[in-house]
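**Student:** Going line by line, the protein sequences match chains A and B. Heads up, the first sequence is in my numbering, so the first residue is 1 and it goes up one at a time. Heads up, the second sequence is in my numbering, so the first residue is 1 and it goes up one at a time.
A few of these clues could be false.
[As the list claims (entries may be wrong)] For lysine to any residue, the following SDA-like pairs were computed, each having C-alpha atoms within a straight-line distance of at most 25 Å:
(1) B:Lys57 with A:Ala42
(2) B:Lys13 with A:Asp39
(3) A:Lys99 with B:Gly16
(4) A:Lys99 with B:Gly40
(5) A:Lys99 with B:Gly28
(6) B:Lys57 with A:Ser69
(7) B:Lys57 with A:Thr57
(8) B:Lys57 with A:Gly28
(9) B:Lys57 with B:Gly84
(10) A:Lys99 with B:Ala2
(11) A:Lys81 with A:Leu51
(12) A:Lys99 with B:Asn71
[To be verified] If you want the footprint, here are the derived chain A segments under chain B, 3+ residues with CB under 8 Å:
(13) 74-82
(14) 97-103
Hints were generated in silico from the structure; no laboratory data involved. The beta-carbon is built from N, C-alpha and C at its ideal position, and this holds for glycine as well.
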Amino acid sequence: GQSLEQPSEVTAVEGAIVQINCTYQTSGFYGLSWYQQHDGGAPTFLSYNGLDGLEETGRFSSFLSRSDSYGYLLLQELQMKDSASYFCAVLDDKIIFGKGTRLHILP
Amino acid sequence: KAGVTQTPRYLIKTRGQQVTLSCSPISGHRSVSWYQQTPGQGLQFLFEYFSETQRNKGNFPGRFSGRQFSNSRSEMNVSTLELGDSALYLCASSLATFGGNTEAFFGQGTRLTVV
Chain A
1 GQSLEQPSEV TAVEGAIVQI NCTYQTSGFY GLSWYQQHDG GAPTFLSYNG
51 LDGLEETGRF SSFLSRSDSY GYLLLQELQM KDSASYFCAV LDDKIIFGKG
101 TRLHILP
Chain B
1 KAGVTQTPRY LIKTRGQQVT LSCSPISGHR SVSWYQQTPG QGLQFLFEYF
51 SETQRNKGNF PGRFSGRQFS NSRSEMNVST LELGDSALYL CASSLATFGG
101 NTEAFFGQGT RLTVV
């Protein structure tokens, strides 16, 4: 079967750094993406890793290790507006999403 | 350019009825995927259409079906609605160049409530 595992909830303090992990087991694999979804909103694309290593986009970075079937999203200098759900997604011949991690940010 | 448009935004149906949801993708995008989102279950893949053909299908019963028209607009249909079908149904369009970075653009979804 195909599965993606990520923590259901993470809590962090405003201004801090938080890492959201994702492990996957899929029949095929092209790359790992991350999406953000605010309450009542649509998921929006954050990043994509097709090769091993770190990709940085402003305050957000994403890492992939294909040999470990593992990736993470790193959010730095957390702001209250970062409170949302974050989904990792595997690109196979379709996009398969994890169940999402709810990020709570404390002032 | 216009984003992904889903209609209607909200829908209330009675158990046993059938429903049709519509999705207009971003201009030039030929792939449309449908997802069901329920609390705690993330986005569960329903099916994907590309150039009017169903290219992939998730693990949903046959009551869930879809189609895509020549202008890439897509519809999904759920027959004999059950209470458990209450969910947010999201449509995503993409250029569908699998093998590389395929960013999916989501619509705002249709909130279906079955009573």
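**Student:** Hints first: check each against the structure and report whether it holds.
**Tutor:** Evaluation of the provided hints:
The suggested pairing of lysine 57 (chain B) with alanine 42 (chain A) holds, with an alpha-carbon distance near 22 Å, which does not exceed 25 Å. Under the criterion of a C-alpha separation no larger than 25 Å, the hint pairing lysine 13 (chain B) with aspartate 39 (chain A) is consistent with the structure, at around 23 Å. For the hint linking lysine 99 (chain A) to glycine 16 (chain B), the alpha-carbon distance of about 28 Å lies beyond 25 Å, and the restraint is violated. In summary, the hint linking lysine 99 (chain A) to glycine 40 (chain B) is supported, as the alpha carbons are separated by about 6 Å, within the 25 Å threshold.
Of the pairs offered as hints, the one joining lysine 99 (chain A) and glycine 28 (chain B) is violated, with about 29 Å between alpha carbons and a cut-off of 25 Å exceeded. Restraint check: the Cα-Cα separation between lysine 57 (chain B) and serine 69 (chain A) comes to about 24 Å, which is no more than 25 Å; the hinted pair holds. Between lysine 57 (chain B) and threonine 57 (chain A), the direct Cα distance comes to roughly 33 Å. Violation of the 25 Å bound is thereby established for this hinted pair. In summary, the hint linking lysine 57 (chain B) to glycine 28 (chain A) is supported, as the alpha carbons are separated by about 15 Å, within the 25 Å threshold.
Taking the CA atoms of lysine 57 (chain B) and glycine 84 (chain B), the gap is near 19 Å; set against the 25 Å cutoff, the hint holds. A C-alpha spacing of about 28 Å is found between lysine 99 (chain A) and alanine 2 (chain B), which places the hinted pair above 25 Å, so the restraint is violated. The hinted pair formed by lysine 81 (chain A) and leucine 51 (chain A) fails the criterion: a straight-line CA distance of about 29 Å is larger than 25 Å. The suggested pairing of lysine 99 (chain A) with asparagine 71 (chain B) is violated, with an alpha-carbon distance near 32 Å, which exceeds 25 Å.
Coverage of a stretch by a chain is defined here by at least three residues with a beta carbon nearer than 8 Å to that chain's beta carbons; for the region 74-82 of chain A and chain B the count is 0, and the condition is violated. Closer than 8 Å: that is the beta-carbon criterion, and the region 97-103 of chain A has 4 residues meeting it against chain B, so the requirement of 3 holds.
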